[in-house]
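The lines below spell out each chain.
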Amino acid sequence: MKNAKILVRGIVQGVGFRPFVYNLAAAHSLDGYVKNLGTSVEIVVEGRDGEVEGFIEGLKSGPKLSRIDSIDVDYGPYTGSYRGFRIEKSSVAGFGGFIPPDTGICNKCIEDMEGDTRFKDYWATSCVDCGPRYSIMETLPYDRENTTMTDFPFCEDCRRDYEDPKNRRYHAQGFSCPKCGPGLALYDEGRNRLDPPLEEAIRLLNEGRILAIKGVGGFHLCCRMEVTPLLRKRRNRPEQPFALMAPLKVIEKYAYVSDGERSLLDSMQRPIVLLRRKPGVPEAVAPGLHTVGFMTPYTGFHHLLFRGIDEPLIMTSANLPSEPMVRDNDEAFRRLGGIADYYLLHNRRILNRCDDSVLRYNNGAFFTRMARGYAPAMFVLKDRTPKAILAMGPELNSSISIYKDNLCYISHHLGHINNPMALEFLKETVDRLLKMTKVRPEVIACDMHPAFLSSRLGRELAQAYGAEVVTVQHHRAHVGSLAVEGVDLEDVVGVAMDGVGYGEDGTVWGGEVFHGESHPAGLLPVPMPGGDLATRFPMRMVAGILYGSIDDERLLSIMQANMGEVEARVVLRQVETGVNVAYSSSAGRVLDAVAALLGVCYRRTYEGEPAMKLESFALKGDADKVKLPCEAIPISGRSVIDSRSLLRGVVEALDEGKDKHDIAASAQAALARAFAEQACNVARKSGASTIGFSGGVAVNAAISKAIEDYVKGEGLKFVTNHRLPCGDGGVSLGQAVLAGRMLIS
Amino acid sequence: LIHGAGGEMMQSLISGVFAAIRNNNAGGIGLEALDDGAAIPFGDQYIVLTTDNHVIKPIFFPGGDIGRLSISGTVNDLAMMGARPIALTNGVVIPEGFPIEDLRRIVRSVDETLEEAGCALVTGDTKVLPKEALDSIIINTAGIGITDNPIRDCGLKPGNKIIVTGTIGDHGIAIIAHREGFKFGSELRSDVAPIWKTVEAALDAGGVTAMKDPTRGGVASVLNEMARKSGVKIVVREESLPIRQDVRAAADMLGIDPLEVANEGKAVIGVEADRAEAVLEAIRKTRYGRDAVIIGSVEEGSGVIMKTRIGGQRFIEPPLGDPVPRVC
Ligand SMILES: [Fe+3]
Ligand SMILES: [Mg+2]
Ligand SMILES: [Zn+2]
Ligand SMILES: [Zn+2]
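Going down the list, the protein sequences come from chains B and P.
Just so we're on the same page, my numbering is the position in the first sequence counted from 1, plus 43.
Just so we're on the same page, my numbering is the position in the second sequence counted from 1, plus 845.
Because the hints were derived from the structure by calculation, they are not lab data.
Some clues are possibly wrong.
What the hints assert, rightly or not - Capping the alpha-carbon separation at 30 Å, the derived lysine-lysine pairs in DSS-like fashion look like this:
{"id": "1", "chain 1": "P", "residue 1": "K902", "chain 2": "P", "residue 2": "K1002"}
{"id": "2", "chain 1": "B", "residue 1": "K470", "chain 2": "P", "residue 2": "K1002"}
{"id": "3", "chain 1": "B", "residue 1": "K670", "chain 2": "B", "residue 2": "K48"}
{"id": "4", "chain 1": "P", "residue 1": "K1074", "chain 2": "B", "residue 2": "K470"}
{"id": "5", "chain 1": "B", "residue 1": "K276", "chain 2": "P", "residue 2": "K1152"}
What the hints assert, rightly or not - Now the in silico label distances, taken between C-beta atoms and shown as ranges:
{"id": "6", "chain 1": "P", "residue 1": "E957", "chain 2": "B", "residue 2": "E467", "range": "50 to 60 Å"}
{"id": "7", "chain 1": "P", "residue 1": "G1156", "chain 2": "B", "residue 2": "R392", "range": "35 to 45 Å"}
{"id": "8", "chain 1": "B", "residue 1": "G509", "chain 2": "P", "residue 2": "G1076", "range": "17 to 27 Å"}
Virtual Cβ for every residue (Gly too), placed ideally from N, Cα, C.
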């Protein structure tokens, strides 16, 4: 007989860990208790030696949603003081507590829906392994009384399951049944009910109607693929790709699915995965892109829906452009009027808006958006921050982070913080996460941009909390986000290829190479005639980069592929006079310019559009068939990558009649190579072992691969973002990390 | 110098340096208010006093010149305090060798503008500086006016309506086009004009709570200043903003927001809701008020919000000066 005191670290809260431990202890006839300590669980077991060992062995597998980082065991003498095994009430609220993300429905629950059980056909079925979590949580710990499920008191049957240690729903906080749980209702625009809701919804979808469907963390707009043009018109989204949902078997008819991609589609998180499309997907779903986003049904409701529909459905977040997703039922009627024909609602309140996550799989998972299923997330960092830090994120595709001791929480994707409603959403999220983690910020980290709303709110919060404001440069924050990939920030040369971010010198950065504090290389700053207008109309970047570098008349004729002569002359005059011209070293803008030069994209209607379309376009080309220069020149002690030489090369290749797909591929490769060369030079000089690659451009598989190959060829280590978005979604964590380092030094 | 110079940078210069003057009030409204002018009690009325330095490149431009600008600017500042302009002064500084013909032209223009505004230039001063010290003419104009009831820029109340007296951005865009040699296809003209008569009509109609002329920093800057000083929120409807087609087209090509550039013949006026239509009608009957519209209203809160055409909302912020791209 012996006693073992066990400490399990990892994701062990809100994932059904304690019931798992209870059952395991029961199976081994052990006495003792299990207690949550936040990022760890404390277990004491007593009993026969072999059973204790068997128990410890069994712990290693953990329940489905858990992640076990370590198991420490302390043996002691048998005391006999425990009567049976008990679960101690959640003790960890607040800091250190794990905020459980929402999770897709599990297979056992799907079986329950299909079999002859009391959950048969119940759209909101869930258990200890699955179902909504964060989206319905008021605060930590994740107990039913802290969720909106308090609106649905257990019926007798559910109460029994909840209290029965043998049941899968033992201590499951969010479940319910058709008798006691939330229900569905379908309405038309005039708020008249249609019954039965599910059957009617299927009929309407099949008829080609657009439905607003309330889901886990918000609303979707849903329709058949052939209705895409109408949906685009009503939503005023001419080009932005829409996500699709279908069961895996159906997806495979419409897209190529690799093993890596299948494992993502099939995971409990059920994200949107960007897949290579097959011809069956209408062009209009994702115009000009080789990929299309697919997810599998992730709620009971979705499963019911696909019983009556045999093709993929458009499932796109319901919101107006750049506004947060619709959350409440009344809000749906108000904000989606004129877009949706019908509204399929349920009465489980959503507290925290949470979009679908979007990932790409190329040699590992890449986030383009981290939200449902993955966030809020918590990371253990190497550095311990002396003061609690709240990081406000940038402005677009934002998130926030909270860093205290050596733990850093990062929120889900909050979208674009550039309008009053989004600012309100940001404020709510800050309040919610500070409340959940019980952190009082002493330092608030903001982007350097003077006009970002997130920074403005940061300053207001700093006043309210008596906290100090620190600003962190946008691209340094991108590199800082690599801290969670195991990078030692002292030993890395950071490459940020990105859209734009306010630089330390008041110009706009976006293609930078850093080492420690230094900034030894980067792209040449070029004029952006019209400021942000040059982001919307990439031909303006062509003018900005090439003006003075090629013949004016030649440039004018290139520009007229996409604008009238009057405007083309105005833009050139603008570059010449400097009226309303910003200077930027953004790599994204260079790719945009290449996209415009090749006629791939003249107008950006969503974030990253020209560069994304360029990547798709380049896929059909061969980089080796065209040689393009991308020289580096020394300017005041810095090695500067000259985008003019690259663009001139593109023009010459066009003049020579080279294939545009080949030119596109070669331009990407040349830019990637230029950055890789610079980074490796810096590493060689400084002795750094690793090249870290981040920023929005890192999501481009061709560029990322080219840099990786070059870096590895030089015998250096290559690291990029896998656990966080490489785009602006990861910036808040980088801000927190760098603010922490400033405090330490 | 484009939309900037008058935005946040200028504000911080004023609040950081000139706010240090302690002898800033002669009774009534003084320097501390940073309003369009000062109002000094005199009997049961107020004398309103204001001054402005005028430099502009080029000095002659479509729609006006520095002479017309200097008189209009001062008349309008007096008008924005609700004061009838009475008498103005001119202090002229010119570089050596400045063409006498140009000076004559400017003086003619000054007189025509005085005529229009119904006031007089009663004293002046002229200095000549060496060429190296000055590259173009500077005109300082001061003016006094009289009012029973000064109108502040901080008088907005929730419920008020916001009127602009005409199209937005004409002056700023015209000056940029002309100075920098942009050819937009049609010639843009400055709106520079003395608008006392328009303002007088509004005041006579009753219910005016606040006024400001959207010169440097444009309507965006003025709305923010009025909202901040009044402790209210202003909500503007995008589709109601009066912007000329040609100004819009030119601004779109340059990536400049017409809300952020200077106007020299316009006023932003806050009015009690039940008087709004009457005031609007009165303004529209005047020469420089024909295109007046109600652009929005005042609510409790803070900041300036625009309801966009497509049903969204965005903040209208005080212009920063130079463009600072923010789209990633
Ligand atoms: Fe970025
Ligand atoms: Mg006034
Ligand atoms: Zn389940
Ligand atoms: Zn029940």
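Results of checking the hints against the structure:
| no. | hint | verdict |
| --- | --- | --- |
| 1 | K902/P - K1002/P | 38 Å, violated |
| 2 | K470/B - K1002/P | 27 Å, holds |
| 3 | K670/B - K48/B | 65 Å, violated |
| 4 | K1074/P - K470/B | 25 Å, holds |
| 5 | K276/B - K1152/P | 20 Å, holds |
| 6 | E957/P - E467/B: 50 to 60 Å | 52 Å, holds |
| 7 | G1156/P - R392/B: 35 to 45 Å | 25 Å, violated |
| 8 | G509/B - G1076/P: 17 to 27 Å | 24 Å, holds |
Violated hints, listed in ascending order, are 1, 3 and 7; each of the other numbered hints is respected by the structure.
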